[in-house]
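Protein chains in written order, with the numbering used here: chain A, 1 to 335; chain B, 336 to 1112.
In short, the hints are calculated from the structure, not lab data. Among the clues, some could well be false.
What the hints assert, rightly or not - The list that follows gives simulated cross-link-like pairs (lysine-lysine, PhoX-like), each with its CA atoms no further than 20 Å apart:
#, chain 1, residue 1, chain 2, residue 2
1, B, Lys808, B, Lys723
2, A, Lys142, A, Lys201
3, A, Lys50, A, Lys20
4, B, Lys808, A, Lys134
5, B, Lys773, B, Lys982
6, B, Lys1020, A, Lys134
Stated by the list, open to error - Some residues of chain A that are not near chain B, with every Cβ distance over 10 Å (derived):
#, residue
7, Leu2
8, Thr23
9, Thr51
10, Glu62
11, Asp66
12, Gln84
13, Gly104
14, Thr129
15, Glu183
16, Trp192
17, Arg229
18, Asp231
19, Gly271
20, Ser328
Where is the CB? At the ideal position from N, CA and C, for every residue including glycine.
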Amino acid sequence: MLRLPPYRLLEPSSAEEAVKLLTDEPGEAMLIAGGTDLVPNMKHGLFEPKTVISLAKVEGLEGVSDSDAGLRLGPMTTLADASQNELIIERAPALAQAAGVVAGPQLRNVGTLGGNLMLDTRCRWYNQTYFWRKGLGYCLKKDGTLCHVVEGGARCVAAASNDTVPALMTLNASAVFLGPDGEREVAIADLWTNDGIVNKKVSADELLIAIKVPPQAPGHHGTYAKLRRRDSIDFPLFGCAVRLDLDEKGTVSGADLAAVALVARPMRVKGVEELLLGTKPGSEAFDQAVEEVAQLAYKRCRPLDNVPGDAEWRREMVPVYVRRALRSATASSGA
Amino acid sequence: MAARDIHGPKPPWGEHFQVIGQGHRKVDGPAKATGDAIYADDIVLPGMLHAKTLRSPHAHAKIKAIRTDKALALEGVHAVITGSDLPEYYGIIPWTPDENALAVDKVRFIGDEVAAVAAVDEDTANRALELIEVDYEPLHAFLDPNEALGRGEPQIHEGRKGGNVSKHVELDFGDVDGGFEEAEVVVEGDYSFHGTTHGAIEPHCAVAQFGADGNLTLWSSTQITHYVQREISKVLGIGPQHVRVIQPCLGGAFGGKSDPFSLEFCVSKLAMLTGRPVKMLWTREEVFYAHRGRHPAQMHYRTGATRDGRLTAVDAKILLDGGAYSSYGLVTTYYSGQLLTGPYHFPAYRFDSTRVFTNSPPCGPKRGHGSVQPRFAFEVQLDRLAEKLELDPIELRRRNFQGDSTETINGQRVTSNGFLECLDKVEAASDWKERRGKLPFGRGLGVAGSMYITGTNYPIYPNDMPQAGIQLKVDRSGLVTVFTGGNDIGQGSNSVAAYLVAEELGVEVSDVRVVAADTDLCPVDLGAYSSRVTFMVGNAVIDACRKLRAQIVDTLATTWECDKKRVRLMRGMALDLEDSERAITMREAFQLTEAACDTLGATGSYNTPKLGGDYRGGAIGASPAYSFTAHVVEVDVDCETGFIGVKKVWCAHDCGRALNPRLVAGQIEGSVYMGIAEALLEEHKINRFGLHEGPSLLDYPMPTTLDTPEIEALIVESVDPEGPYGAKEAGEGPLHSSIPALANAVHDAVGLRLTDLPFTPAKVLRALREMESAAGA
Ligand SMILES: Cc1cc2nc3c(=O)[nH]c(=O)nc-3n(C[C@H](O)[C@H](O)[C@H](O)COP(=O)(O)OP(=O)(O)OC[C@H]3O[C@@H](n4cnc5c(N)ncnc54)[C@H](O)[C@@H]3O)c2cc1C
Ligand code: SF4
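Assemble the whole structure, with the sequences as input and the hints as a guide.
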């Protein structure tokens, strides 16, 4: 077995205490939720925190609550719970679906929503052991100076691979962080940068304390489509979430599309709503609009050779999965 | 009784079997299911040290210098060894010893072993590895077998004849050119098979202890205890009588544990140097570097036939990418040609097979050693032939059936042969006649057949001793202990030994204890490879039991003053068939016999008859019995994505006799699973830097239960005249034809001929588009 590097484990019982511990050791401490991303990364020598701060005993980070402001999801809610939660299934079906196709069943039992949002970017040249990366001569993201995906590239393009993020973006969800200076709330769509080394505008001493999903339109429909080789375990080779709001007449009154496993940031495909607005699922106009959305996505989404799988084929799959997502969205349960 | 005595396929008592043919549990099933089973890594000894290996980050380089002093100086480090501590060459095939436990003067692939450290714990050992300084002089790395074939310098193994060629075999049988002249149709094509690996769930692990008495004990996750004992003795320079190799419970092997491996020599040497027990457990990544999996193969086939579909000649040219060392390569090269000559009659056959060295993890014997790749190519050739001749592919195969009790064109003796029944079964079960060629576009059925060896008469190192030996100890408690050198690697060979004893001696399976794979305690068996264990160990068990049985029956007949024919041993009881008053337990029967005959025990053995063609290499691939298989695969091709969905696989396998049908079905299912995985998902690939593409179980995508098709295992029992009760192998054969059957099903579904494995959706989609545009043009 690969060995974990030595570290000190702390188990605070409150969010404030956790933030205090993070600020005490700037750059040396990391949070751990389910550990399904952090532990393999530590074993691969990608992160070498001196201190690991467990969120297991922190009060108030788990569970799903409901209010006029929408759903409030604790970051420590496991993916298994999120995928089976009645409220999420009903109000945010794309999120329930996405949580239910992350990794495999065992990993979903420990992996959390918060950990998924905060997931490190992924790359075939990076998510490897220290020995392997040494044989390669390392890369820009860790220990090296070259990028092997974009030759001569000066910026890391490791892929955002968090399955739940496209769903959260289409739901206009926001994240609440607690830092040394108090709480801040930020739209999840605004969280990202183009830099694969650290693709989130979140500082190392901030703790995610909640994910907020605002109330959706009465005729909300949503779905998540994921491309992968195996039907379980695998990270997305492409993933897209769609939102389709239907009015009382059943015509589209709102729509959105977001995707992952392309570049460093999860991507919202702009202009989707305009194409679909006013069409009615089942009609020719809708089918036409779906095709236009698929082509738009094809134009906008250019998978790179950053994650496994033929990049050209992954691009060919973009319109296919967008089409499939849009078609099945109308079949999904809406509030 | 002489080693070669065959006891025939009949039940030992009367017409019916008592134990054989029923679905018993594996003897070690409960221990494995509850976690009681002890695997190599479960072994912890007092004062035990942990060892780790330093590996080469270069694909091909000279070692100019190694400095270990800093590592040795680290607190907690007990010993550091390098190539010069173990300079003796070894290799599983005695003719090609080209491996060192640790690189002596050069490294040949990324991951090649360079040094080993024993320390108080793994973390300290890992830290010490970082302190070892190695000066390398990188050499040109060969990553393409074609380049290695054409370019002999720099040599991966210096001083060998033939540049970077590891083995070349060219054989022809019959009038090949005449056969093609006679042919009314000829099908010709190129095929390629990629590298795949075993993926056994247990990584390799070894623990060594060197006693004050000068005896070395090595517990190792190996499937070849006997050969490991020989090689350890040779490399460490201690007499084999002082080397005890024990195989603990094993978490799968599939051919990946059938070479002697670096870690076994390193822990032994380190234990001798430190006087402490030493353990080494490989990481998953290290297992990928140790590899010995399927050889990537580039193949060209020409197949000639008459208009009514009878084969006239077959011609093959094969290039095998062997990786950095020989391993079983000599045998692989022969197998790639020698094992194709059934279940069909070849009037003329030629093959030209070359194995080259490259700077990648060494290839070796993965389930279906050497013959899975050619079988893929040939069975697709047959499908193309059927297409050309407008013949049903099953019918074409029937027409070419070689029959039983025959000899192949390359001089292999075929005894029982249930191939036609295999074809019948898959044809009926899949509703072939009604559905093949008639399903909607995207769905299709494909068929393929194959043959495989049940052990071979080539014993790796030439000797006249038995291939399998057995000792039985019979106890007054009623317990029978079987000592077997056979390696149970999960396939259930220990269970089979217990079932056979129970059948022969009339005891309950639970009253048989199996002591296996311990070279101090057990008579030699050559190991779990070439699908030989059930056949050879099974025959040896029966041989030993018959001797004991004679003693028991004689004693009872004398005691009861009755004819021997009246004595029956069954289900834990000894009976007089004609006097119901006379019924005693087997425990009592054993006690009576022990009193009459002295301490009870018996030995038994098995050796193959002389087999094989009278030419160089004629014995390689010559088996005492061949198994036969037919597959029908049903696919659903998604033309939008290129994904091939396997809906169902029907696999009929002729295993001679199913000693335990549950175990046979398990082997069939496991084989199908593995074959489909190779066809669609798994790829052991070395990238442009010479690095393994993804040496982890995340990046090497073995199918999950969700990705595994429904499998129907159909058992065919041809009852072989020489197998134990007629049994033949079941562990490797049922893999072969799954892959071409899948390829042929894709053709039925969408009209596409897939010849380049693996069938990734990207490739399939591209090929579909090419086909469409060709049709449109
Ligand atoms: C074999 C395998 C397959 C996988 N497949 C997928 C997949 O298909 N799709 C996918 O999306 N993921 C996949 N994952 C990754 C991972 O399992 C999931 O993303 C999971 O949701 C991570 O959650 P966690 O609680 O385990 O995170 P952790 O590993 O505990 O944390 C991940 C990161 O988030 C940070 N973090 C965690 N909680 C907080 C918080 N409250 N505030 C601030 N920072 C925090 C941690 O410091 C760390 O950097 C896979 C992992 C493995 C091992
Ligand atoms: S994208 Fe380039 S820099 Fe980033 S992880 Fe991959 S190889 Fe490294």
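Non-interface claim for Asp66 of chain A versus chain B (Cβ beyond 10 Å)
With a cut-off of 10 Å, Asp66 of chain A remains clear of chain B, as the shortest Cβ separation is near 33 Å.
With the threshold set at 20 Å, check whether the alpha-carbon distance from Lys808 of chain B to Lys723 of chain B stays at or below it.
With Cα atoms ~61 Å apart, Lys808 of chain B and Lys723 of chain B exceed 20 Å; violated.
Would you assess whether Thr129 of chain A, listed as outside the interface, keeps its beta-carbon beyond 10 Å of every beta-carbon in chain B?
violated, 5 Å
Measure nothing beyond the straight line between the CA atoms of Lys142 of chain A and Lys201 of chain A; if it is 20 Å or shorter, mark the hint as holding.
holds, 19 Å
Chain B versus Leu2 of chain A - minimum CB to CB distance exceeding 10 Å, so not interface
Since the minimum Cβ distance to chain B is about 5 Å, Leu2 of chain A lies within 10 Å and the statement is violated.
Below or equal to 20 Å on CA atoms is what counts here, so check Lys1020 of chain B against Lys134 of chain A.
Holds, at about 18 Å.
Verify this label for me: Gly104 of chain A is non-interface relative to chain B, using a Cβ-Cβ cutoff of 10 Å.
Since the minimum Cβ distance to chain B is about 7 Å, Gly104 of chain A lies within 10 Å and the statement is violated.
Regarding the assertion that Glu183 of chain A does not contact chain B, is the least Cβ-Cβ distance greater than 10 Å?
holds, 36 Å
Between Lys773 of chain B and Lys982 of chain B, is the straight-line Cα distance small enough, at 20 Å or below?
holds, 16 Å
For Lys808 of chain B and Lys134 of chain A, compute the direct alpha-carbon distance and say whether it is at most 20 Å.
violated, 55 Å
Over 10 Å from every CB of chain B: does Ser328 of chain A meet that, or does the non-interface label fail?
At about 14 Å from chain B, Ser328 of chain A clears the 10 Å cut-off, so the statement holds.
Confirm or reject the statement that Thr23 of chain A sits farther than 10 Å, beta carbon to beta carbon, from all of chain B.
Fine: 30 Å to the nearest Cβ keeps Thr23 of chain A off the interface.
In this structure, the earlier hints numbered 1, 4, 7, 13, 14, 17, 18 are contradicted, and the remaining ones agree with it.
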